[in-house]
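There are 2 protein chains.
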Amino acid sequence: MDISGARDARERLVVIGGDAAGMSAASQARRMRGPDELEIVAFERGHFSSFSACGIPYWVGGDVPERDRLIARTPEEHRARGIDLRMRTEVTEIDVAAGRVRARDVDSGAESWVPYDKLVIATGARPVRPDMPGIDAPGVHGVQTLDDGEALLDSLTRAPEGRRAVVVGAGYIGVEMAEALIKRGYEVTVVNRGAEPMSTLDADMGRLVREAMEGLGITMVGGTEVTKVLTGEDGRVRAVATEDAEYPADVVVLGIGVRPQTALARAAGLPLGAHGGLLTDRAMRVRGHENIWAGGDCVEVLDLVSGQERYVPLGTHANKHGQIIGTNAGGGYATFPGVVGTAVSKVCDLEIARTGLREKDARRVGLQFETVTIESTSRAGYYPGASPMTVKMLAERRTGRLLGVQIVGREGAAKRVDIAAVALTAGLTVEQVTALDLGYAPPFSPVWDPVLVAARKAAAKVRDGAR
Amino acid sequence: MDISGARDARERLVVIGGDAAGMSAASQARRMRGPDELEIVAFERGHFSSFSACGIPYWVGGDVPERDRLIARTPEEHRARGIDLRMRTEVTEIDVAAGRVRARDVDSGAESWVPYDKLVIATGARPVRPDMPGIDAPGVHGVQTLDDGEALLDSLTRAPEGRRAVVVGAGYIGVEMAEALIKRGYEVTVVNRGAEPMSTLDADMGRLVREAMEGLGITMVGGTEVTKVLTGEDGRVRAVATEDAEYPADVVVLGIGVRPQTALARAAGLPLGAHGGLLTDRAMRVRGHENIWAGGDCVEVLDLVSGQERYVPLGTHANKHGQIIGTNAGGGYATFPGVVGTAVSKVCDLEIARTGLREKDARRVGLQFETVTIESTSRAGYYPGASPMTVKMLAERRTGRLLGVQIVGREGAAKRVDIAAVALTAGLTVEQVTALDLGYAPPFSPVWDPVLVAARKAAAKVRDGAR
Numbered sequence: 001m002d003i004s005g006a007r008d009a010r011e012r013l014v015v016i017g018g019d020a021a022g023m024s025a026a027s028q029a030r031r032m033r034g035p036d037e038l039e040i041v042a043f044e045r046g047h048f049s050s051f052s053a054c055g056i057p058y059w060v061g062g063d064v065p066e067r068d069r070l071i072a073r074t075p076e077e078h079r080a081r082g083i084d085l086r087m088r089t090e091v092t093e094i095d096v097a098a099g100r101v102r103a104r105d106v107d108s109g110a111e112s113w114v115p116y117d118k119l120v121i122a123t124g125a126r127p128v129r130p131d132m133p134g135i136d137a138p139g140v141h142g143v144q145t146l147d148d149g150e151a152l153l154d155s156l157t158r159a160p161e162g163r164r165a166v167v168v169g170a171g172y173i174g175v176e177m178a179e180a181l182i183k184r185g186y187e188v189t190v191v192n193r194g195a196e197p198m199s200t201l202d203a204d205m206g207r208l209v210r211e212a213m214e215g216l217g218i219t220m221v222g223g224t225e226v227t228k229v230l231t232g233e234d235g236r237v238r239a240v241a242t243e244d245a246e247y248p249a250d251v252v253v254l255g256i257g258v259r260p261q262t263a264l265a266r267a268a269g270l271p272l273g274a275h276g277g278l279l280t281d282r283a284m285r286v287r288g289h290e291n292i293w294a295g296g297d298c299v300e301v302l303d304l305v306s307g308q309e310r311y312v313p314l315g316t317h318a319n320k321h322g323q324i325i326g327t328n329a330g331g332g333y334a335t336f337p338g339v340v341g342t343a344v345s346k347v348c349d350l351e352i353a354r355t356g357l358r359e360k361d362a363r364r365v366g367l368q369f370e371t372v373t374i375e376s377t378s379r380a381g382y383y384p385g386a387s388p389m390t391v392k393m394l395a396e397r398r399t400g401r402l403l404g405v406q407i408v409g410r411e412g413a414a415k416r417v418d419i420a421a422v423a424l425t426a427g428l429t430v431e432q433v434t435a436l437d438l439g440y441a442p443p444f445s446p447v448w449d450p451v452l453v454a455a456r457k458a459a460a461k462v463r464d465g466a467r
Numbered sequence: 001m002d003i004s005g006a007r008d009a010r011e012r013l014v015v016i017g018g019d020a021a022g023m024s025a026a027s028q029a030r031r032m033r034g035p036d037e038l039e040i041v042a043f044e045r046g047h048f049s050s051f052s053a054c055g056i057p058y059w060v061g062g063d064v065p066e067r068d069r070l071i072a073r074t075p076e077e078h079r080a081r082g083i084d085l086r087m088r089t090e091v092t093e094i095d096v097a098a099g100r101v102r103a104r105d106v107d108s109g110a111e112s113w114v115p116y117d118k119l120v121i122a123t124g125a126r127p128v129r130p131d132m133p134g135i136d137a138p139g140v141h142g143v144q145t146l147d148d149g150e151a152l153l154d155s156l157t158r159a160p161e162g163r164r165a166v167v168v169g170a171g172y173i174g175v176e177m178a179e180a181l182i183k184r185g186y187e188v189t190v191v192n193r194g195a196e197p198m199s200t201l202d203a204d205m206g207r208l209v210r211e212a213m214e215g216l217g218i219t220m221v222g223g224t225e226v227t228k229v230l231t232g233e234d235g236r237v238r239a240v241a242t243e244d245a246e247y248p249a250d251v252v253v254l255g256i257g258v259r260p261q262t263a264l265a266r267a268a269g270l271p272l273g274a275h276g277g278l279l280t281d282r283a284m285r286v287r288g289h290e291n292i293w294a295g296g297d298c299v300e301v302l303d304l305v306s307g308q309e310r311y312v313p314l315g316t317h318a319n320k321h322g323q324i325i326g327t328n329a330g331g332g333y334a335t336f337p338g339v340v341g342t343a344v345s346k347v348c349d350l351e352i353a354r355t356g357l358r359e360k361d362a363r364r365v366g367l368q369f370e371t372v373t374i375e376s377t378s379r380a381g382y383y384p385g386a387s388p389m390t391v392k393m394l395a396e397r398r399t400g401r402l403l404g405v406q407i408v409g410r411e412g413a414a415k416r417v418d419i420a421a422v423a424l425t426a427g428l429t430v431e432q433v434t435a436l437d438l439g440y441a442p443p444f445s446p447v448w449d450p451v452l453v454a455a456r457k458a459a460a461k462v463r464d465g466a467r
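Protein chains in written order, with my numbering: chain A, 1 to 467; chain B, 1 to 467.
Heads up, some of the hints might be wrong.
Stated by the list, open to error - If you anchor each label on the Cβ, the simulated ranges turn out as follows:
(1) A/Thr227 - B/Met32: 53 to 63 Å
(2) B/Pro388 - A/Gly235: 44 to 54 Å
(3) B/Gln308 - A/Gly427: 24 to 34 Å
(4) B/Gly232 - A/Thr373: 52 to 62 Å
(5) B/Arg398 - A/Val96: 39 to 49 Å
(6) A/Arg282 - B/Glu290: 42 to 52 Å
Claimed, not checked - Chain A is nowhere near these chain B residues, computed Cβ spacing over 12 Å in every case:
(7) Asp107
(8) Gly109
(9) Arg129
(10) Asp147
(11) Gly331
(12) Lys461
It is worth saying that the hints were derived from the structure and are not from the lab. Each residue gets a CB set at the ideal place from its N, CA and C atoms; glycine is no exception.
So that you can see chain A by itself, here it is in the shape it has in the complex (with noise of 0.2 Å):
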């Protein structure tokens, strides 16, 4: 079929980008309005459509037996749905003005104009990867794509007798892929520039993520950055290099953080925002423009706390944004009103949550705050298995309101962020969270359950400054 000559009578509706966002948005504006109404052609660059990127720690890991696991939906699944999907197929321009995407065929090089009614940018993110010396020698890795995926497993797999492993950060990706390593059976040294790892989290309570690594033999190396991969006669790498120290590895893998994908939407003229995200309205229309969506790792968000936009590539909000989009160019109406910020994370049987926002997000907005951090358990004391959980709550001075929790612990720690999220979500103050109704039995928790012990010291707290 070509799609770049005479148009039918039919509306166009074009996905760039074939992942969570983009092919959520394809298929929910395919449930609005049938093939006879709406055409839907979307272009992916990959080789994968639909995959889950949070899921390749834990398939690197060997707790995900095999890639095709991790991939939600098929290229051919999503044209049996309707959907023209191309893969392998790259947008190299958007041309607003005249309603239209430049195509380019990766492999052949083909290249050509589509015509659009409706236009949805889904780029994601891309992998931060520093520019330095042997920073593309073999042996490094990114973990971004299941292609990433692939060659670190291939590279883990026939790897000479070395089992050093490096991981360059120490975020999500950072932390998730160094239990991965360790599951492989690899001695895994994390450098990270922050001086305690998570940096989503206060310093305070990523001392503890650290505590937890070291307990599990990973060599946390903290406040200092590479700068360097060196590489052996074999062209591969030997190890990384900070400006004091050396550490040997057989293997890198890069978890620094990704930047949304925003080149195409720049060169556009599309608005995008401090952080280099698109700018995007309640029902994720790109600012300005009335038939053009954004959504997934490649806008900003509001946040609902601060009341000013962040960059949260995740999953979860793609698939939200996929479906809202769609649900909007598929001549419905739907919005999207924001986040609160909530993460949730493992290392190893250590949780790690956090929502809202950080003191340093606090003061960035100029709120003031009173903070506490308690400790408490995750089920009765007497009950076994009850296991150690540190919260840590911030509330605005004078109002109450709460502002952020974050929580390390063991099991049933990582979700009760989600009661903190909701409360967030609805403006609670921390006097009316310590009265929440939340489910009580031994096996789940104390009496009081962690976020309202937390609750509770905040609220007094907030009684106190007042006086």
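Model the placement of chain B on the given structure of chain A, informed by the hints.
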């Protein structure tokens, strides 16, 4: 010390009942005001103070190794904090007009009048003990107090060869005791008046519990009532009988539920509600009485979803009530806004949770609703240990307001109900719930949390219903 005679200059706070609500109130009042300002006298008719009744099934089942683990604070500890706690002392009368209570030493029978300036009624609940032949036979046990637990354990330990147990009632206590008895190696039969166990759930969700319990080898007999307890020649229980059948039993556990223990309050002319519990205001004061508070299992609470009082005897509420009463009785200010009816439980690895209104609750208060039930998993489908979870959700017609959630599943199911509990408290619509920023990572949740999946379906149904 003779407290019945002349008064000193201090105010006197009298507390009736030495368990969660009463002793929390006493402790908090003591934190607010020192012994030189406020005298605190508490009466407890039993042998134990501040114990976890909710923990008894786990002690009987062997998860909790010894009784004293269930005691949060002993009488001596309370006394060390300046609370004059009188054990084995029953209050037999409240004289509201004169501001005094009559206390009776349970062992000696000696009585005296004790004046109060402020009174806290925390008389708790009494288990329903049906009046039928044989109910008092050896081998028939309630499980409300530590003494009850001791007697049951004694019965289990020195039982004859027989290992057959019948549990009467299939509410929280019933199903938890079924688990305990299974763990003790008993053949367990649960006889229940309702067609399905867990009448705190709708029957369609209760069915899932029944099926799981049957899968554990428990014999579930629903839709029938025990009419008598049959005894052997030794006078001990040997079976229970219903209209139609007999069930052999070496031990019988009663888990039929509890009623508020309010005979004292009723005799004193204090206001009781439709469920027989004391009626209080938001500050937990008995309505119409400036200086009398009540909390815990002897009061009714406002249901924030229905707008009507209900009876929810639960340790977590009792503790909150105590905290609030103690603050107010100590001269501070705190309120209990009400409950949404959250409860969680488990039978072996089956987790059961509910919050808000069941179908019949909604109908009773005139709310019309849509209902949806979905199947999802506790973790990303590809992540090891992902277990199925059923979520039922009720949403009000037209407004789309969330009305209730019920969850049955395995690991990770129960505490997910907290998401709904907070959303109910905040009055969110199911459409708003679909956008909640909940913690997502493959080990903890599918990309759409099961609660969000249910909310999406409920929101669609509300929209369809609005047409």
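Status of each hint after checking the structure:
1. A/Thr227 - B/Met32: 53 to 63 Å: For A/Thr227 and B/Met32 the Cβ distance comes to about 59 Å; the hint holds.
2. B/Pro388 - A/Gly235: 44 to 54 Å: 49 Å, holds
3. B/Gln308 - A/Gly427: 24 to 34 Å: 26 Å, holds
4. B/Gly232 - A/Thr373: 52 to 62 Å: 59 Å, holds
5. B/Arg398 - A/Val96: 39 to 49 Å: With Cβ atoms ~41 Å apart, the hint holds.
6. A/Arg282 - B/Glu290: 42 to 52 Å: With a Cβ separation near 50 Å, A/Arg282 and B/Glu290 satisfy 42 to 52 Å, so the hint holds.
7. Asp107: 29 Å, holds
8. Gly109: 35 Å, holds
9. Arg129: 23 Å, holds
10. Asp147: The claim holds: B/Asp147 sits with its nearest Cβ about 18 Å from chain A, beyond 12 Å.
11. Gly331: 14 Å, holds
12. Lys461: 15 Å, holds
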